[in-house]
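Enquirer: Now for the letters of each chain:
Number of protein chains: 2
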Amino acid sequence: MDEFFTRINQYREQINHKLAAVSNKTTPESFYAPVHYVMSAGGKRIRPILVLLSCEAVGGRAEQSLNAALAIEILHNFTLVHDDIMDHDDMRRGRQTVHEKWDEATAILVGDGLVGLAYSYLLKTNSAQIKDICDIFTSGIIELCEGQALDKEFENRFDIDLSRYMEMIEKKTAILLMTASEIGAIIGGADSNQRRILVEFSRQLGNAFQIQDDLIDIELTSGKTYGSDIKQKKKTYLFVHALNNASAAMRDSLIHIYHQNTITTDDIAIVLDIFEKSGTLTEARRVVDAGIKQAHAELMKLPTTTARSDLADMLDWILKRKS
Amino acid sequence: MDEFFTRINQYREQINHKLAAVSNKTTPESFYAPVHYVMSAGGKRIRPILVLLSCEAVGGRAEQSLNAALAIEILHNFTLVHDDIMDHDDMRRGRQTVHEKWDEATAILVGDGLVGLAYSYLLKTNSAQIKDICDIFTSGIIELCEGQALDKEFENRFDIDLSRYMEMIEKKTAILLMTASEIGAIIGGADSNQRRILVEFSRQLGNAFQIQDDLIDIELTSGKTYGSDIKQKKKTYLFVHALNNASAAMRDSLIHIYHQNTITTDDIAIVLDIFEKSGTLTEARRVVDAGIKQAHAELMKLPTTTARSDLADMLDWILKRKS
Numbered sequence: 024m025d026e027f028f029t030r031i032n033q034y035r036e037q038i039n040h041k042l043a044a045v046s047n048k049t050t051p052e053s054f055y056a057p058v059h060y061v062m063s064a065g066g067k068r069i070r071p072i073l074v075l076l077s078c079e080a081v082g083g084r085a086e087q088s089l090n091a092a093l094a095i096e097i098l099h100n101f102t103l104v105h106d107d108i109m110d111h112d113d114m115r116r117g118r119q120t121v122h123e124k125w126d127e128a129t130a131i132l133v134g135d136g137l138v139g140l141a142y143s144y145l146l147k148t149n150s151a152q153i154k155d156i157c158d159i160f161t162s163g164i165i166e167l168c169e170g171q172a173l174d175k176e177f178e179n180r181f182d183i184d185l186s187r188y189m190e191m192i193e194k195k196t197a198i199l200l201m202t203a204s205e206i207g208a209i210i211g212g213a214d215s216n217q218r219r220i221l222v223e224f225s226r227q228l229g230n231a232f233q234i235q236d237d238l239i240d241i242e243l244t245s246g247k248t249y250g251s252d253i254k255q256k257k258k259t260y261l262f263v264h265a266l267n268n269a270s271a272a273m274r275d276s277l278i279h280i281y282h283q284n285t286i287t288t289d290d291i292a293i294v295l296d297i298f299e300k301s302g303t304l305t306e307a308r309r310v311v312d313a314g315i316k317q318a319h320a321e322l323m324k325l326p327t328t329t330a331r332s333d334l335a336d337m338l339d340w341i342l343k344r345k346s
Numbered sequence: 024m025d026e027f028f029t030r031i032n033q034y035r036e037q038i039n040h041k042l043a044a045v046s047n048k049t050t051p052e053s054f055y056a057p058v059h060y061v062m063s064a065g066g067k068r069i070r071p072i073l074v075l076l077s078c079e080a081v082g083g084r085a086e087q088s089l090n091a092a093l094a095i096e097i098l099h100n101f102t103l104v105h106d107d108i109m110d111h112d113d114m115r116r117g118r119q120t121v122h123e124k125w126d127e128a129t130a131i132l133v134g135d136g137l138v139g140l141a142y143s144y145l146l147k148t149n150s151a152q153i154k155d156i157c158d159i160f161t162s163g164i165i166e167l168c169e170g171q172a173l174d175k176e177f178e179n180r181f182d183i184d185l186s187r188y189m190e191m192i193e194k195k196t197a198i199l200l201m202t203a204s205e206i207g208a209i210i211g212g213a214d215s216n217q218r219r220i221l222v223e224f225s226r227q228l229g230n231a232f233q234i235q236d237d238l239i240d241i242e243l244t245s246g247k248t249y250g251s252d253i254k255q256k257k258k259t260y261l262f263v264h265a266l267n268n269a270s271a272a273m274r275d276s277l278i279h280i281y282h283q284n285t286i287t288t289d290d291i292a293i294v295l296d297i298f299e300k301s302g303t304l305t306e307a308r309r310v311v312d313a314g315i316k317q318a319h320a321e322l323m324k325l326p327t328t329t330a331r332s333d334l335a336d337m338l339d340w341i342l343k344r345k346s
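Going down the list, the sequences are from chains A and B.
Taking this note's numbering, the leading residue of the first sequence gets 24, the next gets one more, and so forth.
Taking this note's numbering, the leading residue of the second sequence gets 24, the next gets one more, and so forth.
Hints in this document: simulated from the structure, not taken from any laboratory.
Don't take each hint at face value.
So these bits of chain A aren't anywhere near chain B, every CB distance computed over 12 Å [to be verified]:
(1) N32
(2) G134
(3) A172
(4) G212
(5) D214
(6) E223
(7) D236
(8) R274
(9) P326
Computed Cβ-Cβ distance ranges for the label pairs, DEER-style [to be verified]:
(10) B/P326 x A/K124: 35 to 41 Å
(11) B/Q152 x A/G65: 52 to 58 Å
(12) B/D214 x A/K343: 43 to 49 Å
(13) A/N267 x B/R118: 49 to 55 Å
(14) A/G65 x B/D155: 18 to 24 Å
(15) B/K154 x A/N179: 26 to 32 Å
(16) B/D112 x A/N179: 58 to 64 Å
(17) A/K67 x B/N149: 36 to 42 Å
(18) B/N149 x A/Y60: 22 to 28 Å
A quick note: this is a predicted structure, and the numbers were derived from the prediction, not measured.
Ideal Cβ placement from N, Cα and C applies to all residues, glycine included.
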């Protein structure tokens, strides 16, 4: 695992170095100052690293996919800037969000510009399959928008079908990981089978990660504030699963609590009890474990390489099984 | 001219027919309902028609460039949806803007999705030069963002350099026409010279159109409300030119008036008088005429075709010399 961290830290530094110079322009300042602000904010850089490792896992050199990796990370940051406006979030990575530090018009414009910059990096990729690569990237954007729309629709609803909810988290969280893997795989020269394997790996990774994140909120006492999702009445996997699987009485109780203006510590305890009794926690843990197992199984279908081992370590790292 | 209108009406109908079915999806409804609303709003469809005519003018068939034409129009609509939020505009083409009819979050998301849809149409283009085409389209997006940023920066400033202002209108207005022409030309098989000619044609067309629009606001008594730009204290070409060319006393007077909360009919008369005395109106008319002449001259360098004649008629039509 140490070697894994050494390698991905090197990748991350390389990515951060490139992103700090995402454009050589500084004017118009009202556009480029926030662009540089966003792109120098740091982050785990999971998505671009996934591009590089996917490329290597099928026999390519990471270097070949570097521009595409940067494109994916720029695109990810576009979604963060616009989602922060939509969700009225003031802080991100310990700093003010763009619409807070500047204003909403600036944040809208900067997000738009990041999409353009993302494509400009993607198009630097030297590949005979550049059209395919652009197609996948473009589908990714459309699905991200669909995912965000579904998420917003669910905010005010209590009749959420679990499969529709899973569709939402796949589009909101997994799709960009899947796009990252698929593009990395193409650049690395993957055959159609390897390409499918890496997409499936990322789908499982993304979906497991999202549900794991919901579980961490109620399982850990350190880090994230305990039960903060419930306090914010978020439509998590746990909530939606319980809605669909709890008894009628428990369901009514859940809906009643989520209609209140404020959620007390007692309410949180009641909700957790329902999550327990409806089998939600057991099922959530089962789904996360099944996802991790499936993701690992996909990797095992690839040739034995350092990159494959790194992808396996990445899975464990992201899913917080190791640190 | 009748034949010109017959032909472009046919093109427009074909474009509208395709745009009415911009996506075959209807869910998530909160995303696709406004997408369809925007794309069925009509409009002159100048940009996509420019793609088709540019393609034909260099020997291509309009049909080859239809998907790219749709891409350009979808991209144009993305800018309208986001600009309307930034500019707090409630109405567009006689209907509520997206953020008014739905809400801001929806309008942000729909604009984002339109960028994705625009690329998805562009990528349907069957051309060996698809990478070039995507490069030009992508540069267009970045420049549009720069133009919008400059425009916003100018809103609160009075030290606006005229050449910087011209850069802004070129990026805000002309760039998408230039992008349309260049992509149409490439698809039609243009050589590098023809490509440059058509880009230059559209640059002249776009810049002349923008300044003409400013002149119409103070010259016509029908249609647009007389002097409405002054009433709204818009930083038009006329205002910026006068700022740069009027006497110190007139300049102070202009700045004084544009600092007032409300602009009276008397103020409008004073501003117009300054536009007249500073030579601004004469210069604006000269620049428009020079642009039209230059655009015509560019066209004359192309082979004699129906499309070339249509482009010449389009120039006259857009610049309201004929109707």
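Enquirer: With reference to the structure, classify each hint as holding or not holding.
Expert: Here is how each hint holds up against the structure:
Chain B leaves A/N32 outside its interface by the beta-carbon criterion, the shortest separation being 31 Å against a cut-off of 12 Å. Look at A/G134: its CB is around 7 Å from the nearest CB on chain B, not clear of 12 Å, so calling it non-interface is violated. For A/A172, the requirement that its beta carbon stay farther than 12 Å from each beta carbon of chain B is not met, with the minimum near 4 Å. The non-interface label for A/G212 is consistent with chain B: the shortest C-beta to C-beta separation is roughly 19 Å, beyond 12 Å.
Distance check on A/D214: its Cβ is at least 23 Å (rounded) from any Cβ of chain B, clearing the 12 Å threshold; non-interface status holds. Its beta-carbon lying about 23 Å from the closest one in chain B, A/E223 satisfies the requirement of being farther than 12 Å from that chain. Separation of A/D236 from chain B is adequate, the least Cβ-Cβ distance of about 22 Å exceeding the 12 Å criterion. The non-interface label for A/R274 is consistent with chain B: the shortest C-beta to C-beta separation is roughly 24 Å, beyond 12 Å.
For A/P326, the requirement that its beta carbon stay farther than 12 Å from each beta carbon of chain B is met, with the minimum near 30 Å. Hint check: B/P326 to A/K124, Cβ distance near 54 Å, so the stated range 35 to 41 Å is violated. Look at B/Q152 against A/G65: about 38 Å separates their beta carbons, and that is not inside 52 to 58 Å. Checked against the hint of 43 to 49 Å, the pair B/D214 and A/K343 fails, with Cβ atoms roughly 58 Å apart.
Between A/N267 and B/R118 the CB atoms are about 39 Å apart, so this pair departs from the stated range of 49 to 55 Å. Hint check: A/G65 to B/D155, Cβ distance near 35 Å, so the stated range 18 to 24 Å is violated. The hinted range of 26 to 32 Å is not satisfied by B/K154 and A/N179, whose Cβ atoms lie roughly 43 Å apart. The hinted range of 58 to 64 Å is not satisfied by B/D112 and A/N179, whose Cβ atoms lie roughly 27 Å apart.
With their beta carbons about 40 Å apart, A/K67 and B/N149 fall inside the hinted range of 36 to 42 Å. Between B/N149 and A/Y60 the beta carbons are some 40 Å apart, a value that contradicts the proposed interval 22 to 28 Å.
Hint violations for this structure: numbers 2, 3, 10, 11, 12, 13, 14, 15, 16, 18, all remaining hints satisfied.
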